[in-house]
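Counting from 1, one number per residue, gives the positions in the sequence shown under full-length UniProt numbering.
Rather than coming from a laboratory, the hints here were simulated on the basis of the structure. The reader is advised that the hints may include incorrect statements.
In silico DSBU-like pairs for lysine-lysine, Cα to Cα no more than 30 Å straight-line [unchecked claim]:
no., residue 1, residue 2
1, K133, K80
2, K194, K133
3, K80, K194
Bear in mind the structure is a predicted one, so any value in this text is a computation, not a measurement.
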Amino acid sequence: MQLVGVEKTDSAWVCTYKPAPAYEPPAPAPAPLPPPSAPSQSSRKLSPTEPKNYGSYSTQASAAAATAELLKKQEELNRKAEELDRRERELRHAALAGTATRQNNWPPLPSFCPVQPCFFQDISMEIPQEFQKTVSTMYYLWMCSTLALLLNFLACLASFCVETSKGAGFGLSILWVILFTPCSFVCWYRPMYKAFRSDSSFNFFVFFFIFFAQDVLFVLQAIGIPGWGFSGWISALVVLKVNIAVAVLMLLVALFFTGIAVLGIVMLQRIHSLYRRTGASFQKAQQEFAAGVFSNPAVRTAAANAAAGAAENAFRAP
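Between the sequences and the hints, there should be enough to build the whole structure, so can you do that?
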């Protein structure tokens, strides 16, 4: 029972009671929530300072290696395609040469000139792909040496106009232009061209022997000993006391000679390294020389006549 209220009457106090409610069991406590899980790699946001993950290092390295391998194969295929194209041009040219005589194209002279070209030269067709750059560089070196001799002639002419006592140097500068221009082409450039064209050990040896002497001459031209017809450093410094303008011209020629001398030494070393990789040797050069001598009709005729004369004299002897 539950006391609700108390009232006072005339005779006594009256208490009012209320029956107690029925007993109800307590409600069960709610189940505890699970602890929050760590955010996944894909759902969580990266902080501004955290680097992005684009894949593992091994995946990137393998992809880079595969790309490099594809590029290498592509370069090799392009090189083989160029080589096949060059051989196709050679075969086509050989087919044409079978019906018509191959015409010389160097030096490139006009048709009305009474002097006709003396050599046939086509670097892109006759020289293998890996040696074309070297042969072209040597051709430009020969052209630069010829241009340097012409400038040397002009510088010596200017020096002769300032000092008439230097007539010997001026005369020698004319001789060097006339002598060295064709001789350098025939004596060292053409052997080098034929050596790379046909992998000739004999032509390689001829080139090395003559071009070494040519490099020594380049160095002497750059030095410029007075009276030798070279406008080198010494000659330019001597003329500097007489005329500054002529000395400046001679200094430019001396600088040109110096660059040619340095390039000549570098190319000699480069061609020597290429020569060692081609498998050429001195024995092979001797064999090529002997084969070339005995294949010459004039040499065979002279040898036959000499043998016949020796046999005849032997029979006539008592």
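Here is how each hint holds up against the structure:
A hinted pair counts as satisfied when its Cα atoms are at most 30 Å apart, and K133 with K80 qualifies at roughly 17 Å. A C-alpha spacing of about 15 Å is found between K194 and K133, which places the hinted pair at or below 30 Å, so the restraint holds. In summary, the hint linking K80 to K194 is supported, as the alpha carbons are separated by about 23 Å, within the 30 Å threshold.
Against the hints set out earlier in the document, no violation occurs for any number.
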